[in-house]
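From just these sequences and the hints, can you work out the full model?
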Amino acid sequence: MLDIVIEARKAALAPGMDVKRILPFRLHRMVGPFIFMDHAGPVNIQPQISSNIDVLPHPHIGLSTVSYLFGGQVMHRDSLGVEQIILPGEVNWMTAGRGISHSERFEDPAVLASGQLEMIQTWVALPEKDEEADPAFDNYKPEELPIFTDAGVWMRLIAGNAYGLKNSVKIHSPLFYMHIVLNKDARFGLPTEHEERGFYIVKGRIELSGVSYPAGQMLVFTRGVDPVIIAKEDSVLMMLGGEQLGPRHIWWNFVSSRKERIEQAKADWAAGRILLPPTDNLEFVPLPQDKRAQGNPPPEALS
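FYI, in the working numbering the residues of the sequence shown are 1 to 303.
Because the hints were derived from the structure by calculation, they are not lab data.
Backbone N, C-alpha and C fix where the C-beta goes; we use that ideal spot for every residue, glycine too.
Hints may contain errors.
[Unchecked claim] Dumping the calculated DSS-like pairs for lysine-lysine here, alpha-carbon to alpha-carbon at most 25 angstroms: (1) Lys-141 to Lys-203; (2) Lys-129 to Lys-184; (3) Lys-266 to Lys-129; (4) Lys-20 to Lys-166; (5) Lys-259 to Lys-129; (6) Lys-203 to Lys-232; (7) Lys-129 to Lys-170; (8) Lys-203 to Lys-184.
[Said to hold, decoys possible] Derived Cβ-Cβ restraints for the label pairs, each shown as a range: (9) Lys-10 to Val-225: 25 to 31 angstroms; (10) Val-228 to Glu-107: 41 to 47 angstroms; (11) Glu-107 to Arg-187: 37 to 43 angstroms; (12) Glu-283 to Val-211: 46 to 52 angstroms.
Okay, structure coming up:
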């Protein structure tokens with residue numbers, strides 16, 4: 001059955017940069033191991049204020065961030081010394097493990113002013129055995145990601161396995177993540193091999209069991225349900241899911257199976273024990289003074 005429909009909510013990522021926040025949601029915090037999902041753009045910002053939306057260096061623990069662009073470009077710099085221009089169709093998978101910091105800067109004002117920038121960012125929680133793994137960053141080019149086409153259907157496997165497709169993106173638990181484009185009237189189904197599955201409607205409108213769902217909604221399903229997805233207009237979906245990992249605590253940019261580990265990460269960032277990117281270390285995001293329960297991320301949550 002359809003477990004839940006999640007409406008994207010507006011969240012402020014930076015001054016002048018609002019995003020659609022899909023996960024976490026208070027009634028359904030994760031889909032498989034995916035614990036966070038933001039949809040940014042299309043962004044249309046005047047050049048004189050473009051520097052205001054840069055995401056300054058900030059920390060993560062206990063998760064992998066996944067950046068996927070539909071258009072535009074982003075400059076990634078992290079505390080491992082990696083500098084990577086993120087381009088459309090690539091997979092940029094950063095595993096925080098025991099701790100990493102990174103920045104995301106939008107260094108081409110023309111891209112922002114033209115409305116080209118559009119991206120999805122997700123966090124994938126790590127299994128307990130990998131929460132303290134060494135941090136890492138990997139960039140995968142579009143040609144490394146398998147594509148399948150059929151009548152009215154185009155899909156790219158971003159990570160994991162689904163529909164008989166696999167790729168070499170390094171993951172830590174069973175999951176799948178896909179970019180799917182459907183032409184009007186195309187029919188599509190969910191992969192059946194995963195415990196929990198969902199899809200976010202980026203563009204367009206789909207129909208399921210006679211009910212129409214617009215862009216900006218995520219639909220989540222459990223195993224054993226095989227609905228027929230009908231595109232009522234040209235549509236773009238981000239489909240994801242996998243094995244559930246158990247409860248996770250999330251506060252700001254920190255994810256862990258243990259509350260005390262979140263507290264340690266807060267202290268480490270405040271004390272400067274998590275290094276800054278060596279080529280982007282003149283400014284950073286300070287630890288928020290948010291006092292809410294650790295189960296509720298403050299609105300400043302960054303990706």
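Now for the hints, and whether the structure bears them out:
1. Lys-141 to Lys-203: 24 angstroms, holds
2. Lys-129 to Lys-184: 44 angstroms, violated
3. Lys-266 to Lys-129: 21 angstroms, holds
4. Lys-20 to Lys-166: Distance of about 29 angstroms is beyond 25 angstroms: violated.
5. Lys-259 to Lys-129: Between Lys-259 and Lys-129 the Cα gap is close to 16 angstroms, so the pair holds against 25 angstroms.
6. Lys-203 to Lys-232: 11 angstroms, holds
7. Lys-129 to Lys-170: This hinted pair holds, its Cα atoms lying about 16 angstroms apart.
8. Lys-203 to Lys-184: Holds. Lys-203 to Lys-184 sits at ~12 angstroms (cutoff 25 angstroms).
9. Lys-10 to Val-225: 25 to 31 angstroms: 30 angstroms, holds
10. Val-228 to Glu-107: 41 to 47 angstroms: 44 angstroms, holds
11. Glu-107 to Arg-187: 37 to 43 angstroms: 42 angstroms, holds
12. Glu-283 to Val-211: 46 to 52 angstroms: This hint holds: roughly 47 angstroms between Cβ atoms.
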